Each structure stands twice: as structure tokens, then as C-alpha cells.
Amino acid sequence: MMAIEVTSSAQVPDDAQVLGVSVFTGRRQPDRAAVELDVDYLAERGFEGKVGEACAVPADDGSTVIAVGMGTPEEVSAETFRRAGAAFAKAAWSDSRAAIAVLDAAGELDSGVAAQALAEGVVLAAYRFTKYKSQARPSKLESLVIVGRGAKVQTGAERGSRIAGAVALARDLVNEPAGAMTPSRLADVAGEIAEREGLDITVLDEVAIAAEGLGGLEGVAQGSDQPPRLIELVYDPPGARGTVALVGKGITFDSGGLSLKTADGMETMKTDMSGAAAVLATMSVLPAVRAKVKVIGILPTTENMPSGHAIKPGDVLKIRNGKTVEVLNTDAEGRLVLADGLSLAVEAGVDAIVDLATLTGACMVALGRTIAGLMGNNDAWIEEVEDAAERAGEKVWPLPLPDEYRKKIDSEVADIKNTGGDRYGGALTAGLFLKEFVADVPWVHLDIAGPARSEEDDAYTPKGASGFGVRTLVELVSRYRRPAARPRS
Numbered sequence: 007m008m009a010i011e012v013t014s015s016a017q018v019p020d021d022a023q024v025l026g027v028s029v030f031t032g033r034r035q036p037d038r039a040a041v042e043l044d045v046d047y048l049a050e051r052g053f054e055g056k057v058g059e060a061c062a063v064p065a066d067d068g069s070t071v072i073a074v075g076m077g078t079p080e081e082v083s084a085e086t087f088r089r090a091g092a093a094f095a096k097a098a099w100s101d102s103r104a105a106i107a108v109l110d111a112a113g114e115l116d117s118g119v120a121a122q123a124l125a126e127g128v129v130l131a132a133y134r135f136t137k138y139k140s141q142a143r144p145s146k147l148e149s150l151v152i153v154g155r156g157a158k159v160q161t162g163a164e165r166g167s168r169i170a171g172a173v174a175l176a177r178d179l180v181n182e183p184a185g186a187m188t189p190s191r192l193a194d195v196a197g198e199i200a201e202r203e204g205l206d207i208t209v210l211d212e213v214a215i216a217a218e219g220l221g222g223l224e225g226v227a228q229g230s231d232q233p234p235r236l237i238e239l240v241y242d243p244p245g246a247r248g249t250v251a252l253v254g255k256g257i258t259f260d261s262g263g264l265s266l267k268t269a270d271g272m273e274t275m276k277t278d279m280s281g282a283a284a285v286l287a288t289m290s291v292l293p294a295v296r297a298k299v300k301v302i303g304i305l306p307t308t309e310n311m312p313s314g315h316a317i318k319p320g321d322v323l324k325i326r327n328g329k330t331v332e333v334l335n336t337d338a339e340g341r342l343v344l345a346d347g348l349s350l351a352v353e354a355g356v357d358a359i360v361d362l363a364t365l366t367g368a369c370m371v372a373l374g375r376t377i378a379g380l381m382g383n384n385d386a387w388i389e390e391v392e393d394a395a396e397r398a399g400e401k402v403w404p405l406p407l408p409d410e411y412r413k414k415i416d417s418e419v420a421d422i423k424n425t426g427g428d429r430y431g432g433a434l435t436a437g438l439f440l441k442e443f444v445a446d447v448p449w450v451h452l453d454i455a456g457p458a459r460s461e462e463d464d465a466y467t468p469k470g471a472s473g474f475g476v477r478t479l480v481e482l483v484s485r486y487r488r489p490a491a492r493p494r495s
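Take the position in the sequence shown, starting the count at 1, then add 6; the result is the number in this note's numbering.
Source of the hints: derived by calculation from the structure; they are not laboratory data.
There may be inaccurate statements among the hints.
What the hints assert, rightly or not - Distance windows between CB atoms, simulated:
id: 1; residue 1: 115; residue 2: 330; range: 46 to 56 Å
id: 2; residue 1: 376; residue 2: 52; range: 49 to 59 Å
id: 3; residue 1: 115; residue 2: 417; range: 46 to 56 Å
id: 4; residue 1: 243; residue 2: 312; range: 36 to 46 Å
id: 5; residue 1: 246; residue 2: 353; range: 38 to 48 Å
id: 6; residue 1: 396; residue 2: 446; range: 33 to 43 Å
id: 7; residue 1: 427; residue 2: 298; range: 43 to 53 Å
id: 8; residue 1: 65; residue 2: 272; range: 12 to 22 Å
id: 9; residue 1: 47; residue 2: 274; range: 18 to 28 Å
id: 10; residue 1: 461; residue 2: 298; range: 46 to 56 Å
To be verified - The calculated DSSO-like cross-link candidates involving lysine-lysine, where the alpha carbons are at most 30 Å apart (straight line), are:
id: 11; residue 1: 56; residue 2: 267
id: 12; residue 1: 329; residue 2: 318
id: 13; residue 1: 441; residue 2: 324
Model, not experiment: these values are computed from the prediction.
Virtual Cβ for every residue (Gly too), placed ideally from N, Cα, C.
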């Protein structure tokens with residue numbers, strides 16, 4: 007992890023190789039920084055001070071100053087600092103130690119929030135998955151000094167670094183080839199994290215999964231030679247003011263099963279464990295951010311593969327809560343394993359639930375690649391999750407769960423079926439399916455099929471796994487309030 011420190015000194019640390027300074031749109035001089043830039047040099051290179059811009063300028067003493075665009079003073083936000091940090095990290099890519107003094111540009115924004123966002127942007131933009139590259143070229147930026155004043159800046163920078171490190175962990179887990187990141191390996195990683203962070207952990211193997219009546223997970227796993235795992239982690243701080251369950255879909259590779267995907271459709275299906283990765287990464291950082299709520303992380307994980315043992319269209323599975331499901335499409339498997347996970351969360355007596363899943367292509371059709379769909383059964387809890395996502399800088403958008411669509415998942419031979427029967431409203435019928443397994447517990451479902459993977463290098467999200475959801479979940483449990491009894495209207 008990149009080392010980040012904070013100094014209140016107005017002087018650049020002697021061993022810093024570059025200095026980043028803030029420049030607002032139309033000014034071309036740093037905001038209250040003890041350095042002067044060559045405005046002609048900036049103009050020649052088209053630098054305007056827009057958010058996300060960065061331009062390296064040679065200084066008189068032979069060092070390098072990076073002008074970082076902050077937009078207009080009136081529009082400065084946490085996202086401004088996140089993008090400024092990302093732009094700076096990319097410009098300082100080949101330097102081992104750098105300093106950045108842009109916090110004076112925070113204006114009305116809380117300095118701790120600005121420092122956290124800045125640290126997140128730097129660390130996330132510097133991330134690259136190079137484990138399997140024979141000639142890797144990762145960022146050489148190993149340490150960063152943030153120039154700012156006050157305890158809030160120190161606390162914010164530390165928090166941002168920790169959270170970004172958790173996002174990087176989620177990215178690593180998903181970016182691993184499916185042949186390496188099997189359900190068993192994911193359970194091993196969870197065990198290592200639990201031991202390091204002082205979390206309680208329970209792992210069920212395939213025998214225990216069958217014995218516990220986790221029929222959705224057991225059924226999906228039938229087609230694979232890789233045995234499934236049910237991973238449960240618990241963070242239980244003294245004086246916890248409630249209990250939240252986080253449930254993550256952990257399909258380590260999704261071929262579609264007998265309802266086989268196309269070759270193109272399978273290329274990125276190692277991404278189908280992104281929900282589980284986000285939950286595991288969130289659990290890993292809760293002790294460091296000192297969350298005051300008990301959190302149970304539930305990760306049902308398996309491959310979805312075709313074979314002579316695989317579930318077939320028309321088969322009926324019995325979920326943990328006793329409901330039976332007719333499987334009409336084996337490529338709608340994520341909701342089957344989530345059904346068991348949600349049932350376990352309800353049994354645990356939690357106050358609220360959030361599940362994350364790369365669940366439907368229909369959600370991507372509706373919202374695109376960068377926005378997650380949000381559905382739920384309790385208005386107060388939905389608002390809490392929306393607010394947490396906004397503070398975290400992750401985009402979500404509420405979708406309905408219409409009562410009139412519920413009949414789409416009625417089955418003639420079982421309690422319900424796992425598809426809606428037609429191509430319309432697929433994200434909504436998937437949400438309605440999951441709703442069958444949460445009883446009256448406040449619950450939110452995040453369909454992260456779009457934002458779980460980035461198809462291009464964008465600001466602080468390089469191409470590949472994004473780690474989407476970690477920042478929202480950490481923010482949510484950090485400011486947890488027990489949701490009021492406000493059923494979805």
C-alpha cells in the first residue's frame with residue numbers, strides 16, 4: 007500500500023521529487039501556494055484548470071511542479087479532490103515520492119473530507135493489476151505527503167488510504183483468473199483476512215452446505231468440479247449499535263451453465279464475484295475505520311458450469327427458507343445463491359440487509375456501465391444507502407419493485423421461478439425474486455452489473471475490476487442509523 011503522511015509545513019519536503027498545486031479554472035496560478043507557475047508554458051499545453059487536468063511544469067530550481075485542475079471554486083466537492091488526486095498520481099507516475107498541496111482549495115468543504123477524497127484518488131489511480139505480466143510497469147509512486155493543517159486532515163488522509171486499499175483488494179480478487187480465484191481460494195483469502203483483522207469466520211464446505219439446506223448454492227454448484235463454499239465473517243465491536251448484514255454474490259466464473267453463454271459473453275465472467283469481493287474487502291477495513299455497528303458478511307460462492315451433473319431447466323431447488331424455485335434459466339443463477347445468503351441474514355436477526363450482485367444485463371441496458379441499480383423494501387433504508395453512495399462518490403439510481411410484476415415469477419410447479427418469462431423489466435423481476443427471501447427486514451439490493459467492471463481507464467478507475475460498492479458500504483456502516491419502519495410505498 008502507498009505510504010501517505012501529512013505535514014502542516016508550508017515547505018515542500020526535501021526528498022519530494024514533485025509538488026502538486028491547485029489551480030482553478032481561468033487562473034493559471036496556484037491557489038495560495040508558495041510557488042509561481044509559468045503561465046505561458048501552461049497555456050501552450052492547453053491547461054485550463056478544469057477538474058481532472060494536470061500539467062507538469064519545470065520549476066526554476068530544477069524540480070517539477072504539477073498544476074492540478076480544480077474547476078471553479080464554487081463547485082469544489084469531494085469528487086473534485088478525488089479526481090485531482092487521480093490526475094496528480096498519473097502525472098507523478100514515474101516518481102517514487104511526491105507531495106501535494108491542494109487542500110487550501112477546499113473552500114467550504116470540510117478539510118477532512120477533502121483529505122480523504124484526495125488520498126482515495128491518488129491510491130486508486132495508481133492501482134494496476136500486474137501480477138501476471140512478465141514485464142510489469144506499475145506506478146513508481148510509493149509515498150505521498152499531503153500538505154495541510156489540522157487533525158481532520160490527518161484522520162481523513164488515513165481513512166482515505168485505508169478505504170482505497172480495501173477497494174484495491176476487491177479489484178485484486180476479481181482481476182485474478184477464475185482458475186486461480188476458485189471458491190476454495192476465496193475462502194482461504196477470507197480466512198487470512200479474518201485472522202489478520204480479528205474477525206470471526208465460518209466456512210461451510212459442500213457437505214455442510216447440503217446439510218444446512220442451502221439448496222440454491224448447492225444446485226448451482228452441481229455442474230462444477232470446484233466445490234462451493236459459504237463464507238460468513240463477523241465484525242462485532244464493543245457497544246455495537248445495531249447489526250447489518252452484507253450479502254455478496256460470489257460466482258467465481260459464470261459460463262451460464264446449461265443455458266450456456268456465448269464465447270463473447272464469457273470473456274469477463276470472472277467478474278461475476280464482484281459482489282462477494284466488495285463485501286470481503288469492506289469487512290477487511292471495518293476495524294481500521296472503527297465502525298460502531300456489528301456487521302455480518304455472507305458470501306455464497308461457486309462456479310456456474312455445464313456438465314452431466316449440472317442443474318437443468320425445469321429442475322426445482324429448495325432454498326434455505328423453505329421456498330421452492332423452478333429453474334427455467336441456469337444463467338439466472340446469481341439470485342439462487344443470493345436467496346440462501348439472504349435467508350441466512352434474516353435468520354441471524356439483523357436490523358438491515360444490503361446485497362450486491364452483478365445480477366442482470368437488463369440493469370446495464372437501463373442505467374449503463376457506471377451506475378448501479380438500487381431496489382429495496384424500506385424507504386428509510388433506501389435513503390440511507392443512497393446518501394452513503396453519494397458521499398462515497400459512487401453512482402446509484404433507484405428502481406421500482408412493482409407489485410404488478412410479481413406475477414411474472416409465479417411458477418406452475420414450484421413456489422416461484424427464477425426468471426420473469428420475457429425480456430422486459432429483467433432487473434425488476436430479479437429484485438422481486440430476491441424480495442421473497444428477506445421477510446420484513448429492511449433490505450436494499452444493488453445490481454452492480456454495469457459498474458463492477460470498467461472497460462476503459464477513467465480517472466481513478468483503470469480498465470478491469472472497479473471495486474465498486476466498497477466505498478459505499480464503508481460509508482454506510484460508518485454512519486449507520488437503524489432504519490425506521492417505513493415500508494416501500
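Do the hints match the structure? See the list:
1. 115 to 330: 46 to 56 Å: 53 Å, holds
2. 376 to 52: 49 to 59 Å: Check failed, 26 Å falls outside 49 to 59 Å.
3. 115 to 417: 46 to 56 Å: At roughly 52 Å between Cβ atoms, residue 417 and residue 115 fall inside 46 to 56 Å, so the hint holds.
4. 243 to 312: 36 to 46 Å: 44 Å, holds
5. 246 to 353: 38 to 48 Å: 18 Å, violated
6. 396 to 446: 33 to 43 Å: 27 Å, violated
7. 427 to 298: 43 to 53 Å: At 44 Å between Cβs, range holds.
8. 65 to 272: 12 to 22 Å: 51 Å, violated
9. 47 to 274: 18 to 28 Å: 42 Å, violated
10. 461 to 298: 46 to 56 Å: 38 Å, violated
11. 56 to 267: 43 Å, violated
12. 329 to 318: Satisfied, since the Cα-Cα distance of roughly 19 Å is no more than 30 Å.
13. 441 to 324: 16 Å, holds
Violated hints, in rising order: 2, 5, 6, 8, 9, 10, 11; the structure is consistent with all others.
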